[in-house]
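The hints should help you fit chain B onto chain A, whose structure is shown.
For reference, the chains in residue letters:
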Amino acid sequence: MFETLMLSRIQFAANISFHILFPTITIALSWFLFYFKLRFVQTGEPVWMRAYRFWVKIFAITFAIGVVTGITMSFQFGTNWPKFMETVGNIAGPLLGYEVLTAFFLEAGFLGIMLFGMNRVSARVHTLATLIVAIGTTLSAFWILALNSWMQTPQGHEMRDGVAFPVDWLAIIFNPSFPYRLSHMVVASGLTAAFLVAGISAYRLLKGDDKKAPKLTLKIALTVAMFLTPLQIFIGDMHGLNTLEHQPQKIAAMEGVWHTEKGAPLLLFAIPDEQNKTNHFELAIPNMASFILTHDINGEIKGLNEFEGNHPPVAPVFYAFRLMVGVGMLMLIIAWGSRIQLWRNKPLPRWLLKALVAMSFSGWLATLAGWYVTEIGRQPWLVTGILTVKDAATDIAPGNVALSLSLYLILYVVLMTAYLHTLFTMANRAVEIEEITDDEKVKPVVHSAPIKENNHV
Amino acid sequence: MFEANSLAVIFVALMGFSILLYAILDGYDLGVGILLPLTQKDDSDTMIASIGPFWDANETWLVLAIGLLLIAFPAAHSHIFKELYLPTAVLLISLVLRGVAFDFRAKAAFSHKPTWNKVFKVGSLLAAMSQGYMLGMYVMGFEDTLAAYAFSLLSAFGVAAAYAYIGACWLIMKTEDALQVQAVNWAKKTGLLCFIGVIAVSAVNPLINSDVYAKWFAWPTTLYILPLPIICFALFVYSQMQLKHLPAVNDKGCWRPFVAAVAIFALCFFGLAFSFFPYIVPGKLTIWQSAAAPESLSFILWGAIIVVPVIISYTVFSYRVFWGKVQELRYH
Chain A
1 MFETLMLSRI
11 QFAANISFHI
21 LFPTITIALS
31 WFLFYFKLRF
41 VQTGEPVWMR
51 AYRFWVKIFA
61 ITFAIGVVTG
71 ITMSFQFGTN
81 WPKFMETVGN
91 IAGPLLGYEV
101 LTAFFLEAGF
111 LGIMLFGMNR
121 VSARVHTLAT
131 LIVAIGTTLS
141 AFWILALNSW
151 MQTPQGHEMR
161 DGVAFPVDWL
171 AIIFNPSFPY
181 RLSHMVVASG
191 LTAAFLVAGI
201 SAYRLLKGDD
211 KKAPKLTLKI
221 ALTVAMFLTP
231 LQIFIGDMHG
241 LNTLEHQPQK
251 IAAMEGVWHT
261 EKGAPLLLFA
271 IPDEQNKTNH
281 FELAIPNMAS
291 FILTHDINGE
301 IKGLNEFEGN
311 HPPVAPVFYA
321 FRLMVGVGML
331 MLIIAWGSRI
341 QLWRNKPLPR
351 WLLKALVAMS
361 FSGWLATLAG
371 WYVTEIGRQP
381 WLVTGILTVK
391 DAATDIAPGN
401 VALSLSLYLI
411 LYVVLMTAYL
421 HTLFTMANRA
431 VEIEEITDDE
441 KVKPVVHSAP
451 IKENNHV
Chain B
1001 MFEANSLAVI
1011 FVALMGFSIL
1021 LYAILDGYDL
1031 GVGILLPLTQ
1041 KDDSDTMIAS
1051 IGPFWDANET
1061 WLVLAIGLLL
1071 IAFPAAHSHI
1081 FKELYLPTAV
1091 LLISLVLRGV
1101 AFDFRAKAAF
1111 SHKPTWNKVF
1121 KVGSLLAAMS
1131 QGYMLGMYVM
1141 GFEDTLAAYA
1151 FSLLSAFGVA
1161 AAYAYIGACW
1171 LIMKTEDALQ
1181 VQAVNWAKKT
1191 GLLCFIGVIA
1201 VSAVNPLINS
1211 DVYAKWFAWP
1221 TTLYILPLPI
1231 ICFALFVYSQ
1241 MQLKHLPAVN
1251 DKGCWRPFVA
1261 AVAIFALCFF
1271 GLAFSFFPYI
1281 VPGKLTIWQS
1291 AAAPESLSFI
1301 LWGAIIVVPV
1311 IISYTVFSYR
1321 VFWGKVQELR
1331 YH
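First to last, the protein sequences are chains A and B. Quick note on numbering: the first sequence equals residues 1 to 457 in the working numbering. Quick note on numbering: the second sequence equals residues 1001 to 1332 in the working numbering.
Derived by calculation from the structure, the hints in this document are not laboratory data. A quick note: this is a predicted structure, and the numbers were derived from the prediction, not measured. Be careful, since some hints might not be right.
[To be verified] Straight-line C-alpha distance at most 25 Å; calculated DSS-like pairs for lysine-lysine:
#	chain 1	residue 1	chain 2	residue 2
1	B	1284	B	1041
2	B	1325	B	1244
3	A	83	B	1118
4	B	1113	B	1188
5	B	1325	B	1041
6	A	83	B	1284
7	A	212	A	354
8	B	1118	B	1041
9	A	390	B	1082
Chain A on its own, in the form it takes in the complex (with noise of 0.2 Å):
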């Protein structure tokens, strides 16, 4: 039988790794809709509002998700976590307020305007409406990010009888690992909405749509992705560095260092092995793990011995951070491979596109496992140093627990099925509504008029 500790722990990763998916898209993606609305006033190309009005609806019904599967976890840390708040609440507390009263507010109350209100203000307003949701959504990660980081690595606080006071909040907010941890989401964030948006734009294609549209969203996801994937596995270098100096003992986790070695050899596969602390199968390039690390082909790594009783679970981070790194790979090599290939003014062949579509939700996978090595390898610590996962839990009887996680866990079956349905239905629906006309050509300017795809709610 499961104790309340477990279940609390499964429930919570349930509830923000299913939770963090759709912010993920919406973050980048509301940028993509900015620059689509942009682009239309500036050119009044109809087919930049086609996109706009393609995607708004999917960032529509993305972000509605993101908001209501987020209102769980502000309830959450009481239920199930109220040593958290007790001991760290001064800090987490207004870090926490600061995102709903920058971030969340900011987002939803201009949301309705994005959404339903081109018809009702200026195309200005319609457009500043749409940079602000994008910058609330941007904020939004900026305060959780700034949370987590300090959870992480915290620093500008004191501790009092066991309960932690602000003493410098720019050191809270601006400690060690946030600004890698914050460029290295964003970024992931980017990379989770241009490999959506090419994969839909991609399905629609294989699907004979021949409009325009599809082809620029796909063209222009591509070459976001082109510039994000190199610039995502440079920050991710730095922010290794940052946790080698800060988190060493995750470090020697995600590398499967069992021993404090010189030289260390990078583990390309591996099957660590936690009773007997050692690696079987090993696949390795020697000395590239210390060269990466160390910048120094004999530099030395700290292994797991050195942190005896104090570091995460090896398997667990050891994997998610190869599923991390090895889908990050694939990203860079298709998104190369076909903007390399539009850019000689070749049309994708049906291989290349059917990839694309396969990789439609690649961002999600390496998101969710660069979270889990990220968050496991903090492991045993909520708060390091100051708070161990297990001081944090709840009382409550298991039973309870057992039966709110099942019933989370029922709704998000049923959710992703519906989400990843209607995001299909969508794309079929785009593909067969007509090319733009010469109506919506000779009034380029923003009160335009119905067009057949939006004739319903």
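Okay, now just chain B, sitting in the frame of chain A:
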């Protein structure tokens, strides 16, 4: 800098403000969901269109209210929600379901629309009822007795009726023709139910909580507080009288029932707040015992002083943009 005791009062006031705004704003959109007719397609489209641009922002007030409880009174947050663990789970799942149903019903395959309409209606109803149930348990001091559960169930129906009532009043203001006539009928019935609910809670609350009784019936406080139930009663009567004459020629006064409902909500909320202040967990924890560190509260208060007026002004802006009778809701 602010002093610790006054910070607790400021934050409980801010939290109260958010709860009240949440109850009014999400109240009407949950109410519209509760009233959603499953058979008339056009009416349900219009009704949902009337809340489309607002529901996201309305729900954010809940996040703020719960967030303020968590930030400013963490001990109370964990106490209250541990007691209300399962109703909270039901509330959250209902809110998720109705929120996504709103979007799915418009965008999924057309054949699935009736199903999503049902999900929207049931989700709205369950969300309202679980809030009412939680309110009931709170008033009863989380007692584990049959009486407490019975009262909480009554409160669940009361809150659902209250939301349906303010939702119907919203529709009178935002719709025309046959649907408006229908909304007037809904408002009459749900207004009566809501009235009964308010009476029941007001009667039970002082009877079971001796502190509350002492507060309301201590001379001369009674004299100052007496206008509250009287005005509340008068508003119900006024609202029913107005409803008899609606819809009127040129739609005169279509906003009056809604304003009356808002005033009723505010008075009832104030009555409840007055009953329990300064306790945040009835009979157990006061706001001063559970408040977070003053340096943290000061830090967030500076932000709130600047940001909350901005939030209110762009909320007002958004309501002005979508002012008047509802139009077909389309993504442009």
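Structure-based check of all given hints:
1. B:1284 with B:1041: Judged against 25 Å, a Cα distance of about 50 Å means the pair is violated.
2. B:1325 with B:1244: holds, 21 Å
3. A:83 with B:1118: Cα-Cα ~39 Å, so violated.
4. B:1113 with B:1188: Violated, at roughly 29 Å.
5. B:1325 with B:1041: holds, 18 Å
6. A:83 with B:1284: holds, 19 Å
7. A:212 with A:354: holds, 19 Å
8. B:1118 with B:1041: Judged against 25 Å, a Cα distance of about 12 Å means the pair holds.
9. A:390 with B:1082: Holds. Residue 390 (chain A) to residue 1082 (chain B) sits at ~18 Å (cutoff 25 Å).
Hint violations for this structure: numbers 1, 3, 4, all remaining hints satisfied.
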